[in-house]
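Keeping their order, the protein sequence lines are chains D and W.
Under the numbering used here, residues 1 to 494 are what the first sequence spells out, in order.
Under the numbering used here, residues 495 to 826 are what the second sequence spells out, in order.
Worth flagging that the hints you see were computed from the coordinates, not collected in a lab.
Note that beta-carbon positions come from the ideal geometry of N, C-alpha and C, so glycine has one too.
Treat each hint with caution, since some may be false.
[Claimed, not checked] Some chain W residues flagged as far from chain D (calculated, every beta-carbon gap over 10 Å):
hint, residue
1, G512
2, I532
3, D541
4, S636
5, A672
6, F742
[To be verified] With the Cβ distance kept under 8 Å, some of the chain D side facing chain W (calculated, not the full set):
hint, residue
7, V54
8, G72
9, S73
10, Q87
11, D93
12, D94
13, E99
14, V103
15, T104
16, R106
17, M112
18, V113
19, I339
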Amino acid sequence: MSEPLLSLSGVTKSFAGVHALVKGEIDLYSGEVTALIGENGAGKSTLVKILTGVHQADGGEIRMEGAPVRIGSADQAGRLGISAIHQEAVVFDDLSVAENIFVTDRPRKHGMVDWATMRERARVILDELDPRIDPRMPMRQLSVAQKHLVQIARALSNEARIVIMDEPTAALSHREVEELFTIVRRLKAEGRAILFISHKFEEVFDLADRYAVFRDGAAVGHGLIQDVSRDQLISLMVGRSVDQVFPKAAVPIGEELFRVDGLSRGEEFADISFALRRGEILGVYGLVGAGRSEVMQAIFGLTRADRGEINLEGRSLAIGSPEDAITSGIAYVPEDRQIQGGILRFPIASNIALPSLSHLSHRGFMRRSDERALAEDYVRELQIKTSGVSQRLEELSGGNQQKVVIGKWLATHPRVLIMDEPTKGIDVGAKTAVYRLMGEMVAKGLGIIMVSSELPEVMGMADRILVMRRGRLRATFTRAEATPESIVKAATDA
Amino acid sequence: MPKIPGIRRGMPHEVGLGLLTLLLLALVTTAFPRFLVIDNVKSLFDDTALLIMLAVGEMFVILTRGIDLSVAANAALTGMVVALFNAHYPGAGIVPVLVIAIVMGAALGLVNGLLVWRVRIPSIVVTLGTLSVYRGCVYLVSGGAWVNSGQMSPFFLSFVRVPILGVSVLSWIGILVAVLAWAYLRYAISGRNLYAAGNNPNAAAYAGIDVGRMQCLAFVLSGAIAGLAGYLWVARFAVAYTDVASGFELQVIAACVIGGVSITGGVGGVLGVVLGGLFLGIIKNALPVVGISPFFQMAVSGLVITIAVILNAGTYRKSHGRKILERSEATS
Numbered sequence: 001m002s003e004p005l006l007s008l009s010g011v012t013k014s015f016a017g018v019h020a021l022v023k024g025e026i027d028l029y030s031g032e033v034t035a036l037i038g039e040n041g042a043g044k045s046t047l048v049k050i051l052t053g054v055h056q057a058d059g060g061e062i063r064m065e066g067a068p069v070r071i072g073s074a075d076q077a078g079r080l081g082i083s084a085i086h087q088e089a090v091v092f093d094d095l096s097v098a099e100n101i102f103v104t105d106r107p108r109k110h111g112m113v114d115w116a117t118m119r120e121r122a123r124v125i126l127d128e129l130d131p132r133i134d135p136r137m138p139m140r141q142l143s144v145a146q147k148h149l150v151q152i153a154r155a156l157s158n159e160a161r162i163v164i165m166d167e168p169t170a171a172l173s174h175r176e177v178e179e180l181f182t183i184v185r186r187l188k189a190e191g192r193a194i195l196f197i198s199h200k201f202e203e204v205f206d207l208a209d210r211y212a213v214f215r216d217g218a219a220v221g222h223g224l225i226q227d228v229s230r231d232q233l234i235s236l237m238v239g240r241s242v243d244q245v246f247p248k249a250a251v252p253i254g255e256e257l258f259r260v261d262g263l264s265r266g267e268e269f270a271d272i273s274f275a276l277r278r279g280e281i282l283g284v285y286g287l288v289g290a291g292r293s294e295v296m297q298a299i300f301g302l303t304r305a306d307r308g309e310i311n312l313e314g315r316s317l318a319i320g321s322p323e324d325a326i327t328s329g330i331a332y333v334p335e336d337r338q339i340q341g342g343i344l345r346f347p348i349a350s351n352i353a354l355p356s357l358s359h360l361s362h363r364g365f366m367r368r369s370d371e372r373a374l375a376e377d378y379v380r381e382l383q384i385k386t387s388g389v390s391q392r393l394e395e396l397s398g399g400n401q402q403k404v405v406i407g408k409w410l411a412t413h414p415r416v417l418i419m420d421e422p423t424k425g426i427d428v429g430a431k432t433a434v435y436r437l438m439g440e441m442v443a444k445g446l447g448i449i450m451v452s453s454e455l456p457e458v459m460g461m462a463d464r465i466l467v468m469r470r471g472r473l474r475a476t477f478t479r480a481e482a483t484p485e486s487i488v489k490a491a492t493d494a
Numbered sequence: 495m496p497k498i499p500g501i502r503r504g505m506p507h508e509v510g511l512g513l514l515t516l517l518l519l520a521l522v523t524t525a526f527p528r529f530l531v532i533d534n535v536k537s538l539f540d541d542t543a544l545l546i547m548l549a550v551g552e553m554f555v556i557l558t559r560g561i562d563l564s565v566a567a568n569a570a571l572t573g574m575v576v577a578l579f580n581a582h583y584p585g586a587g588i589v590p591v592l593v594i595a596i597v598m599g600a601a602l603g604l605v606n607g608l609l610v611w612r613v614r615i616p617s618i619v620v621t622l623g624t625l626s627v628y629r630g631c632v633y634l635v636s637g638g639a640w641v642n643s644g645q646m647s648p649f650f651l652s653f654v655r656v657p658i659l660g661v662s663v664l665s666w667i668g669i670l671v672a673v674l675a676w677a678y679l680r681y682a683i684s685g686r687n688l689y690a691a692g693n694n695p696n697a698a699a700y701a702g703i704d705v706g707r708m709q710c711l712a713f714v715l716s717g718a719i720a721g722l723a724g725y726l727w728v729a730r731f732a733v734a735y736t737d738v739a740s741g742f743e744l745q746v747i748a749a750c751v752i753g754g755v756s757i758t759g760g761v762g763g764v765l766g767v768v769l770g771g772l773f774l775g776i777i778k779n780a781l782p783v784v785g786i787s788p789f790f791q792m793a794v795s796g797l798v799i800t801i802a803v804i805l806n807a808g809t810y811r812k813s814h815g816r817k818i819l820e821r822s823e824a825t826s
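For reference, chain W alone in the conformation it holds in the complex (with noise of 0.2 Å):
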């Protein structure tokens, strides 16, 4: 069973999962001791913080049954003004493009979230809408050029790289969010409101939980999550462009559904996320050091993700038939 804070169980889903990305890279490096090398797990883990931070986002808007498409978007366009940015006011530090970036994101969100909230749009609608939105809007405001590393500063590309104890900035902020995020779910009156909204609206309605309000919450989280990615992403990559993070959406809601977030909200957890896109990562990382010709990597991945996600189903069916008959009387 996937994992809620706050209730003690059996064996958890995370537990599971953290033995079956354990297997995976027991396996990939048995046959291909190469996998191992600490470039490549430096890589790996890179790689797979923005993974992570995204998902953690999009877990937010999943647990009140909704769904964020627009995350990737979302971080192009921000990754794109903040590279922007960087080019018109070289001098000017981390800190200011943090902030754009965060607040930038987050408005984005907000924008989703208005509309899921206040204009009642299904939220597949809406962030499928904004999702064509903000790509558009990243060649709108580049004019289609490419901000290359020329054009940023050092500080710009330095920071995700500086190495703390031996791993880079930008894993110690995937490392952060996911640890923040936890503790947010567990102990605000809001993170846990996010559960009860996702997992009873009805029942939240009866408890003075504003659900629509919640959702907005979601969203904006998830945007602030996805704007400070794109700040990472463009930075890692040192290049700015329009399709940047182009489909990576859906590798993110991969990661939930894989990290046992249940798509029919209320039901998920950070460490499930994290295991999620872990195991995503090394898949992703694994398959042309094993050798798997890139024609089919996609095709592998995509099979890989079909099969946690019904071994994840499996744990929710549910027996159907209600329970009238008195125990006593029950004829089966």
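Here chain D stands alone, though its shape is the one from the complex (with noise of 0.2 Å):
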């Protein structure tokens, strides 16, 4: 057990000059079930795309056995033995099982594929982890658990020496990560190397031999399991000192501004209830598919609500579409800043402008020097960094682009501000500048929904801590009450 099996050091990743990956090191062992945790964006996805190939690391060493490996392709990793169990089940939905297992790999006969043979090595296989599962079906008809197994089902097809599972357990009901952890540690015991990637940390204390710990793109910590605590692993995931980074302004809070009461919808969420007061920041953290954004589409008006309340300064507000939502005085800065928050080939000007043209325009038409003169308004205000408003929105850096979002949002003069990930793909100096500005804007009067799924960002800038699990409201904290033990618990406890 001395040698480790695969073993990373110094591996670099950046994408378009953003440092993913600085310091990338790990070691994985035969036979031994290894915990990847950090963050999000601690470049944990990072990893698993080079070690499987997707991706290239643009330096560093990976080692075999002791003898240095490079992986250029997909193609590489799975000839190396390495096969991935992807979050998001990565599978073909409208092929069926057996393709989805044998994808890279399809038996042939005479150079052609050989449908029967195919089936049966996949039954084989399957009898072994759910033998409900046809492979026959195409894969849109498994549950997301089945999806995970046939993508086990994909690594033992390729006798996969190394095996990751980047958070597998997301989507998972209680039962179905116990089935999941009883092939997990059948993996194990065949001498197959795990990499296991998790938030949760019962799931790694449950399963793991080894850890390591990632911030910030780079490997802060590892060691055995036995000899770590829950509180020193997330110490390790934190790291820095929270006053340094956000910068708290305090500001009196105020009386009730925003209610929710018993907000449902269909299978995503169910009775949700909050209020948010002048002034205040409210955080909702929850793990990634807990349905916090899902929740916030809906008091936007992006989806409609089965039932609940939604009330603004006292009246109650019926928000059948985002109009409405903007009209009341409720803006949304979505997750997806490049996507969903902005235009990217338009202008800073047009950016801005956009939820405010009913305001701007005179008899549905407007004039380019009122757009401008708005916009410039917000780039002094918000101190975005630019060579002038018709700059493109692309042009700017990931900062500054979340700036003119923020912008086009407090153009539209509200009083709830939603902010979905704020901080979300920027650097540490553009995410302090975000922080800020949300200081002054609820000093302003405003009141802050922030949506996170960074621990240290929610109890570094809310006032009130709401925890979602599993499209419910499970605790909320106050500022003073809340620990990081207490906040991870309440939003992965099963």
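Combine the two chains into a complex, taking the hints into account.
Take a look at the structure:
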């Protein structure tokens, strides 16, 4: 057990100048489960993509049984015996289960696909995993847990020596997780090395032999799981001193501004009730897929809630569309800046003016100069670094793009501002600028709802913290009560 | 649901479409027994053979999430080139003609494919451009002149007309292309990868399938078939000129969509496309028989296509909204 099966050292990777991985280091051992832990954006997904050959490392070394290897393509990763099970099941929904298992290496006879053999071999592998899955079924008909099993079947068919599981339990029920773990333990007993990525500490302590912690693209700690406590892992994950990054301004909290009662929608979320006060930043924490964005989209009118009431300043609102929400004084800064938040190819001025066009126009026409004047106001106020308001959004840095998107919504004079992952994918300096901006906004009497998956951000900026899990509100903490442990516990406990 | 090879399920799209086609045929024939006159049926088969071939080629491209608007222009250009070749070398025989048609068609397809794969231009833009370029080239190579039957060798004209078991070679080639395409998509590794690349490009990348390369391959296949169809078209109608098959690409795409090929990629099969082509062919041939004014025929066939597409779209409508709540906790 002394020599690792796979060993990464000093692996780096950047995308368009943004460093995703600055010091990727991890060792995987045969017959052991290594848990990879880190916040969103710590570089875990990049590491997985490098290991599976989807991306190539810019620098550093990958060794297999001591010998340096290059993983130049997904094919090569497969030949090295590396197979991955992804969080969002990466499968072919309209192909059969059998073909999904053997997609990288379909059984052949005389150079042609041998469907009978493929089905038989799929049957044999699936019998050990879940006999209820028919190899002829289209993938679409399977549950998420079953789709994971099919990916595991793919790894087994490849005789993978290294199995990567990227948050495989994120969308599974408690019982399904148990079934999955039984299978993982079997893979381990067969001598395979397993890289297990999870946000859930129970699972990590339950399953893993070793741990590795990543923060901001670098490995910050590793060792045997028996030598570490949950608190130690959390402090490794979070790392930096909270005060430096989060310039939380002391703003007096005023009267109740906004209230949601019993909001429910289909199978997405149920019984969501909370209140927001003037001058308050309300953090909404949860794991990816907890239903937080779905709630916000319903509040903003992008989708319709089945039940529930929304009140703003004591008036009940009937929000049927984003237009209604904007008119009522609710603004939504969406999670994906580049797709939902702004129009990259438009100039800054058009981006900022977009939701305010009805105010800017006179009898359906608008003047360019009004658009520019409005945009210039916000460029000044938010200190957006740009050569001018006619510069295209795509030419700005991530942080400045985000400021434009925020400015666009401030221009609608909202009273409630919903920010979904407001600092996702921007560097630390720009993050701090966004936080400062949030402070200034609440000082003017706005209420902010901040949806975030980053624990330090929620703890650093929010006055109160709501925790969601599986479509429900599970806990509420005041700033004083909140500890990382209690929040993570509420977000993960099954 | 449209069919994908290798999957067994309830009633596939093809059964419904097949029944609909038979129903249509029955309706037209009961009202106008003249419709099923042998000559009419033969010409129906010959007409739809060309449509079906081109639609099968188009299907390869649509399966990989692309679209090929240049198939008809490709056929026109290739048809003109082989007609000119025949006019200059009247004794060359049928083999060089077929080879030139297929190779040249494939080369024109490769141009599309490389622009999509290597230059990363969306296929609709690429083929909108090459559609005009290829049409323009017909004019360039011919100088705007027609190549008439008088300039064509007897073998060039008669090849498509030779009956085998009462069915013309043209129809047999249509059948052959459909069967080969079916076998290719079902049994060849690259055929299967076309489905995978179109069904989920992201997952395909993880599985080591080069999605761009698959798109390029689809264009080459589509082009090769279009080239072959170009010769067959020119030989059948015994004339080559700039506007051969002008606008035909729209019918080709319609045949695919009616046949259950999903515009979003990765779903569809040869059988559906064949039925889609027959369906369109019957409508096109029936409308004059039924006595609908030529001025209305386009509108009527357009209406039928639109209805077929709407019905098709219905099968894809997925339930929106994610499942987040645990099953026991779901409130509705």
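Outcome of the hint check:
1. G512: With a cut-off of 10 Å, G512 of chain W remains clear of chain D, as the shortest Cβ separation is near 21 Å.
2. I532: Holds: least Cβ distance 39 Å, greater than 10 Å.
3. D541: Holds, because the least Cβ-Cβ distance between D541 of chain W and chain D comes to about 32 Å, which exceeds 10 Å.
4. S636: Its Cβ never comes within 10 Å of chain D, the nearest being 42 Å, so this holds.
5. A672: 18 Å, holds
6. F742: Since the minimum Cβ distance to chain D is about 29 Å, F742 of chain W lies beyond 10 Å and the statement holds.
7. V54: 6 Å, holds
8. G72: 11 Å, violated
9. S73: This hint holds: S73 of chain D lies near chain W, its Cβ roughly 6 Å from the closest one there, short of 8 Å.
10. Q87: Where the cut-off is 8 Å and the nearest Cβ of chain W is about 12 Å from Q87 of chain D, the hint is violated.
11. D93: Interface hint status for D93 of chain D: holds (7 Å vs cutoff 8 Å).
12. D94: 5 Å, holds
13. E99: With Cβ-Cβ at 6 Å, under 8 Å, it holds.
14. V103: 5 Å, holds
15. T104: At 5 Å from the nearest chain W Cβ, T104 of chain D passes the 8 Å test, so the hint holds.
16. R106: 6 Å, holds
17. M112: 4 Å, holds
18. V113: This hint holds: V113 of chain D lies near chain W, its Cβ roughly 5 Å from the closest one there, short of 8 Å.
19. I339: Because about 15 Å separates I339 of chain D from the closest Cβ in chain W, which is outside the 8 Å limit, the hint is violated.
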